[in-house]
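2 protein chains.
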Amino acid sequence: MQLKQIGKISTPYKKKGQAPKQGRLSEEEGIIEVFPEYVDAMKGLKKPRHIIVLYWGDRADRSITQTIPPWGEELTGVFASRSPNRPNPIAFCACEIVDIQGNLIKVKGLDALDGSPLLDIKIYSYKVDVCEKPEGYEGNR
Amino acid sequence: MQLKQIGKISTPYKKKGQAPKQGRLSEEEGIIEVFPEYVDAMKGLKKPRHIIVLYWGDRADRSITQTIPPWGEELTGVFASRSPNRPNPIAFCACEIVDIQGNLIKVKGLDALDGSPLLDIKIYSYKVDVCEKPEGYEGNR
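Quick note, the sequences are listed as chains A and B, same order.
Add 178 to a position in the first sequence, counting from 1, and you land on the number used in my numbering.
Add 178 to a position in the second sequence, counting from 1, and you land on the number used in my numbering.
Bound conformation, chain A alone:
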């Protein structure tokens, strides 16, 4: 399973630790550059709406399986967290399209480190991607 880099992400976050813990808490803007050979796949994409952006955590540590999350004190498995460090560092972010110019998509709320390789874009579905806390859920995440 070999991934292709289909574009590049530019954000104000140059170093690990600068990116917000979750992008949507921020109003900062980022730019998604789609490489020319994939621009056809953007047809129909327009503001305003949210998109799902998948990108490669190229500075992640793939050997880490447990971590202490910023919102907790206990050692937690990375699958029970949002740590960038995980066996396959595919980062997920739902962010809002602010503008589109050619192969450049300006978005709000993207928590990627600057220069991260773009893997995929999908439309966010306001029907099926919005989940409600199930009855009996006691967490605060």
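A portion of the hints provided could be inaccurate.
In this list, chains with the same sequence are indistinguishable; a pair is considered to hold if it fits within one copy or across any two.
[Unchecked claim] Think about it this way: if two alpha-carbon atoms lie no more than 35 Å apart in a straight line, the pair counts; the simulated DSBU-like pairs of lysine-lysine are:
#, residue 1, residue 2
1, LYS284, LYS193
2, LYS192, LYS286
3, LYS284, LYS305
4, LYS311, LYS193
Rather than coming from a laboratory, the hints here were simulated on the basis of the structure.
Mind docking chain B on chain A? Use the hints.
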């Protein structure tokens, strides 16, 4: 960027076209098997809650850039769709944990084809992954 298969997904959907267009519209259950070497990464995962499951669309066509979506009539870029066919066929599904037994996670609402390779699990955040339609949005997706 080379992915590792970290587990395997079992669902009732054996062939292309059998999977629901979006898993959460279904009450069918699926099983996520996490391979033993990654079970440490499940620590702290428990029901009830939603998780984000990323899996590899091993039967996808990676050469397709445009498609006619089930909800439309116009040729649309795959980045403006949820088509399984795309340059990097990383499928995304938010589904609900029904039960966990050892390395097996039973979930509701997973739209994967049976046998799909598991790539990643993250907790769904009821804070940042829930997006509201922005003002001016006119779609019905």
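Hint by hint, here is what the structure shows:
no. : hint              : in the structure
1   : LYS284 <-> LYS193 : within (21 Å within a copy, 38 Å between copies)
2   : LYS192 <-> LYS286 : within (17 Å within a copy, 39 Å between copies)
3   : LYS284 <-> LYS305 : both (24 Å within a copy, 23 Å between copies)
4   : LYS311 <-> LYS193 : both (33 Å within a copy, 31 Å between copies)
Checked against the numbered hints given earlier, the structure satisfies every one of them.
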